[in-house]
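So the protein lines, in turn, are chains A, B and C. Each residue of the first sequence is one higher than the last, beginning at 1 in my numbering. Each residue of the second sequence is one higher than the last, beginning at 294 in my numbering. Each residue of the third sequence is one higher than the last, beginning at 577 in my numbering.
By construction, these hints were calculated from the structure, which means they are not laboratory data. One thing to keep in mind: the hints can contain errors.
Computed Cβ-Cβ distance ranges for the label pairs, DEER-style [to be verified]:
| id | chain 1 | residue 1 | chain 2 | residue 2 | range |
| --- | --- | --- | --- | --- | --- |
| 1 | C | Arg700 | B | Asn343 | 33 to 41 Å |
| 2 | A | Thr218 | C | Ser843 | 25 to 33 Å |
| 3 | C | Ala844 | A | Lys188 | 53 to 61 Å |
| 4 | C | Thr765 | A | Glu3 | 31 to 39 Å |
| 5 | B | Gly389 | A | Leu278 | 41 to 49 Å |
| 6 | A | Phe4 | C | Ala908 | 49 to 57 Å |
| 7 | A | Gly183 | B | Pro504 | 33 to 41 Å |
| 8 | B | Asp386 | C | Leu743 | 35 to 43 Å |
| 9 | A | Asp175 | B | Ile566 | 32 to 40 Å |
| 10 | C | Gly732 | A | Thr55 | 54 to 62 Å |
| 11 | A | Gly155 | C | Arg700 | 31 to 39 Å |
Everything numeric in this text was worked out from a predicted model, so none of it was measured. Note that CB positions come from ideal geometry on N, CA and C, so glycine has one too.
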Amino acid sequence: MLEFLSYLISGISLGSVYAIIALGYTMVYGIAKMLNFAHGDVIMVGGYVSLLAMTSLGLPTWAAILLAMVVCTVLGVIIEGLAYKPLRSAPSLAVLITAIGVSYFLQNSALLIWGANPKVYSPIIEGTFKLFDGKLPISYISMLTVSVCIVIMIGLTIFTSKSKMGKAMRACSEDKAAAQLMGINVNKTISLTFAIGSALAAIAGVLLCSSYPTLMPTTGSMPGIKAFTAAVFGGIGSIPGAFLGGILLGIIESLAKAYISTQLANTVVFAVLIIVLLVRPAGLLGKYVPEKV
Amino acid sequence: MDRFAHRRGKLVPLPSDALVPERDINSSPILEARHLGIEFGGLKAVDDFNLTIGRTEIAGLIGPNGAGKTTVFNLLTKVYQPTKGTVLIDGIDTHGMNTVQVSKIGVARTFQNIRLFSNLTVEENVKLGMHNQIKYGMFSGILRAPNYWKEEKRAHEKAMELLQIFDMENLANHKAGSLPYGAQRRLEIVRALGTNPGLLLLDEPAAGMNPSETAELMENILKIRDTFKIAIMLIEHDMNLVMGICEGICVLNFGKVIAKGSPEDIQSNPVVIEAYLGKKKEG
Amino acid sequence: MKKFNLKKTTKVDFATYLGVIVTFIVLFVMQNGGMLSYSMSGMLVPICCFIVMAVSLNLTVGILGELSLGHAGFVSVGAFSGIIASQSLIGVIESASLRLAIALVAGAIFAAIAGVLVGIPVLRLRGDYLAIVTLAFGEIIKDLINCLLVGIDSKGLHVLFNAKGLLTVEDLHLEEGGRVIIKGAQGATGIQTISTFTAGFILIMITLVVVLNLTRSRSGRAIMALRDNRIAAESVGINVTKYKLMAFVTSAALAGAAGALYGLNFSAVISSTFNFNISIEILLMVVFGGLGNIWGSVIAAAVIRLLPELLREFNDYRMLFYAIILILVMIATNNPTFKNMLGKLIPKKKGAEIDG
C-alpha cells in the first residue's frame with residue numbers, strides 16, 4: 001500500500017511538470033491553432049540557462065530561475081516572431097513542419113554550444129520529508145513541484161478570466177477577426193501567449209531537471225511530447241484540462257513503470273493518447289468545434 | 294426581367310398541397326423535406342422546414358442574412374445531421390446517410406465560399422466530380438490496365454463535354470486555383486454536374502459577378518436544367534436572378550419558412566417585404 | 577499519323593524514370609569497374625532505401641497532405657519482418673536473390689498491416705493530432721521490438737515477448753543448431769547481408785511506378801482532392817477514410833520494403849536505428865524535394881544522404897543547417913510576401929508543382 005502511495009506521489013510530481021509544460025502547449029494551441037513542437041526544447045534551454053547561472057555565474061537559485069525565465073520568454077517571442085508569424089495564414093502542415101524545424105534548430109544549437117555529454121543538474125532543493133517512520137519518503141522537490149503547479153494553474157485561471165490581457169487572449173482564441181474588430185491587437189496577444197508559455201517552460205525545465213538531474217540537448221523533447229499528449233488528453237485549449245491531463249498522465253506513467261514494465265511505460269502513455277483521441281477526440285474537458293461549411 | 298417568363302413553368306399544387314411546376318405533376322418530386330430542423334446548443338437554426346421540389350424545377354431559397362439558408366443546404370447534403378424531420382431524395386429516405394451517400398443518390402452542390410481542388414487542374418476537378426462514374430480500381434490504375442485507359446478516355450471526353458457548357462474547355466489544363474473568380478464559380482457548377490445529380494444545389498452562384506456575367510449565368514442555369522432535365526435549387530441575393538429564372542421560391546427568416554410560391558406571389562407578399570425591409574413604423 | 581502529344585505530367589514521369597535508370601547504369605558500371613571508393617559503394621544500398629522511404633512518405637505528406645512523424649516505425653516493422661523472413665529461410669531457399677525478394681514482400685506486407693492498424697483509428701484525427709499520434713506510434717514500435725526475442729530451429733519460429741525484461745534467449749528453448757534472430761534490445765545480429773544495389777534500383781523503380789501511376793489515376797485524384805478540400809471531396813461522393821487509408825497503407829508498405837532492404841544490408845540492426853530522428857530525416861528529404869514532387873524527393877534523399885560523406889568538416893553544423901533550411905523553405909513557399917518576391921525574381925514561375 002505504501003509502495004503504491006509512493007508511486008502515486010512520484011506520478012503526481014511528474015504529472016505536475018507535464019501539466020506546467022502542457023499549459024504552454026494548450027494556450028498556444030488555443031490561440032494560434034498550432035502545435036508548437038519546439039516548446040519542449042524551450043524547457044531544455046531553461047534547464048541549461050538555470051544550470052549555468054547557478055554554476056558558472058554563481059547566482060542564487062531564485063536569480064537563476066528568474067534569468068532562465070527571462071531568456072526563455074525572449075526566446076519564445078523571437079521564435080514566434082521570426083518563424084511562426086510569417087505563416088499566420090499558411091496551412092497547418094506548413095506551420096507544423098516549421099515548428100519541427102525550430103525544435104531541431106534549438107536542439108542542434110544546444111548541441112553545438114553545450115555539447116552532447118549529459119550535464120549533472122543539482123536540484124534546487126534537496127532532502128526528503130518522511131512519513132510513516134520513513135517508510136514513505138517524499139522529496140521536497142516533489143512537494144515544491146506540485147505546489148508550483150497548483151499556484152501557476154490558479155494564477156493563469158484568474159489571469160485569463162479577470163485581466164484585460166487574459167480576456168483578450170480568450171477572445172482571440174474564439175474568433176481572431178472579431179477580436180481584431182473589437183480593437184484587440186491580435187499579434188501582440190499571440191506574442192504574449194508565447195511569452196507566458198515560454199516562461200512557464202523555463203520553470204518546468206528547472207523542476208524537471210531537479211527531479212531527473214541529467215541535462216542533454218534532447219532532454220526536453222520526450223517530456224514535451226508527453227506534455228502535448230497530456231494537453232490533448234485533458235482537452236486542448238483548456239487550462240484545467242491541461243492540469244488534469246498532466247496529473248493523470250504522470251500517474252499513469254509512474255504506475256505503468258512500477259507495475260507493467262519500465263521498458264513499456266512510454267508505450268502505455270501513448271496507447272492512452274490514442275485511446276482518448278478515439279473515444280473523445282476533444283479530450284476530457286475540451287469541446288469539439290466542427291469545421292464551418 | 295421577364296424575358297425568361299416563357300421558360301418558367303406554372304406552379305400547381307400536389308395532393309399534399311406542395312407546389313411544383315405543372316410539367317412535373319406526373320412524376321414523383323425529387324426532393325421532399327418534411328419538418329426538417331436542427332438545433333445548435335438550444336438555438337433552432339432551422340425549424341419545421343417543409344419543401345417539395347419537382348423533378349425539373351428551378352427553385353429559389355431566399356431570405357435575409359443569417360436566415361439559415363446555407364444551413365438548409367448543409368442539412369440536405371448531411372454536412373449536418375438534422376435533429377428533426379426527414380428528407381426524401383427521389384423518394385429515398387436519407388435518414389442516417391452521410392454526405393458521400395447522399396451524393397451517390399443524386400444530390401450535388403456548390404459552396405458559398407468556393408471550395409475547389411485548387412492545386413489540381415480544371416479537368417481533374419471535373420473528373421473528381423465524376424469520381425463515382427469512373428469504374429476502375431486502385432490496382433488497375435497503378436498497373437494501367439486496359440480499363441484504366443478506356444475509362445480515363447471516356448472520362449476525359451465527358452469532362453470536356455461538361456466544360457463546354459461554360460465554354461471552359463480551353464482552360465482544362467489550368468490549375469483551378471489560378472482561375473479568375475467567376476470561372477471558379479462556374480467550375481464548381483461543372484464539377485457538381487459531374488456527379489450526375491438529380492438535384493443541384495447552388496449556394497450564391499452569382500456572388501461577385503457583374504450584371505452581364507449574371508445574365509449569362511441565368512442562361513446557363515436554364516440550359517443546364519433543359520439539357521440534363523434535373524432540378525436546381527439556388528440560394529441567391531440577386532433578386533433579378535431569382536425572380537428571373539426560379540419557378541418556386543421559398544423565403545426563410547430566422548430559420549422558419551415565411552412564404553412559398555411563384556415569383557409573383559413572393560414579390561407581393563407583405564410578410565416577405567417586412568422581413569426584408571423591416572416593419573413600417575406606426576403612426 | 578498519330579500525333580505525339582504527351583501531357584506535361586507524363587513527360588515529367590518519363591524524365592524521372594529515365595534519370596533513375598541512367599544514374600543506376602552509370603553507378604553500376606563504375607562500381608563493377610572499381611571506380612567507386614569503398615565507402616561510396618557501401619552507401620549505394622542505403623541511399624536506394626532512403627529514396628524509397630522519401631518517395632513513400634511524400635505520398636502521405638505531399639499527396640495526401642497529412643503529416644506523418646512515424647515513418648521510421650513502418651521502416652522498422654519492415655526491416656525486422658524482412659530480417660526474420662530472410663534469416664528463417666537460410667538453408668531452405670538457396671538463392672539469395674529470391675530470399676531477398678521474399679523478405680521485401682514480407683516487409684511490405686507487415687508494414688502494410690501496421691499501416692492499417694494505425695491508420696484506421698488515426699486517420700479520423702485532424703492534422704496536428706495525426707502527426708503526434710504517428711510520432712507516438714513510431715515510439716511504440718521501437719519499444720515493442722526492443723521486447724522481442726525471436727529464434728528458429730527445426731520446429732519453426734520461436735517468439736517471446738519480453739515485457740518485463742526478465743527473459744533471455746535461453747528462454748526460447750532452441751534446439752541444438754537453432755539460430756537466434758532477434759535478441760530484444762540488442763536487436764538482430766548475424767544477419768546475412770544479401771541486399772544488393774540492383775535490388776535497390778528495382779525497388780526504386782517499383783516505388784516510382786506505384787506512386788506516380790497512383791497519383792495519375794482515379795484513386796490518386798481522390799487522395800489529392802482530400803488534401804485540397806475535404807468537404808468538397810465528400811460533397812462529390814469521395815469516401816474520406818477509404819482514400820486516406822489507401823494512401824497511408826501504400827506509403828507504409830513501400831516504407832516496409834525499403835526497411836527490409838535496409839535491414840538486410842547490415843550484419844546487425846537494433847530497433848533504435850529507426851528512431852524519431854530518422855522519421856525527421858525522411859521528412860527533410862520530402863520537404864527539400866518539394867511537397868508532392870516525386871523526383872524532388874529522389875534527388876533530395878540522395879543529396880541529404882551524400883552530404884555527410886562529401887562535406888565531412890561540415891558535419892557538426894549539418895543538422896543545424898537543415899533546421900534553418902527547413903524553416904526557410906516553409907516560410908518562402910507559404911508566406912504571401914515571400915511568394916510575391918519569388919514570383920518577381922522568377923518571371924515565368926511554374927507555380928507550386930503538385931505533379932512530380
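Worksheet entry | Violating hint indices (sorted, rising) | 5 and 8
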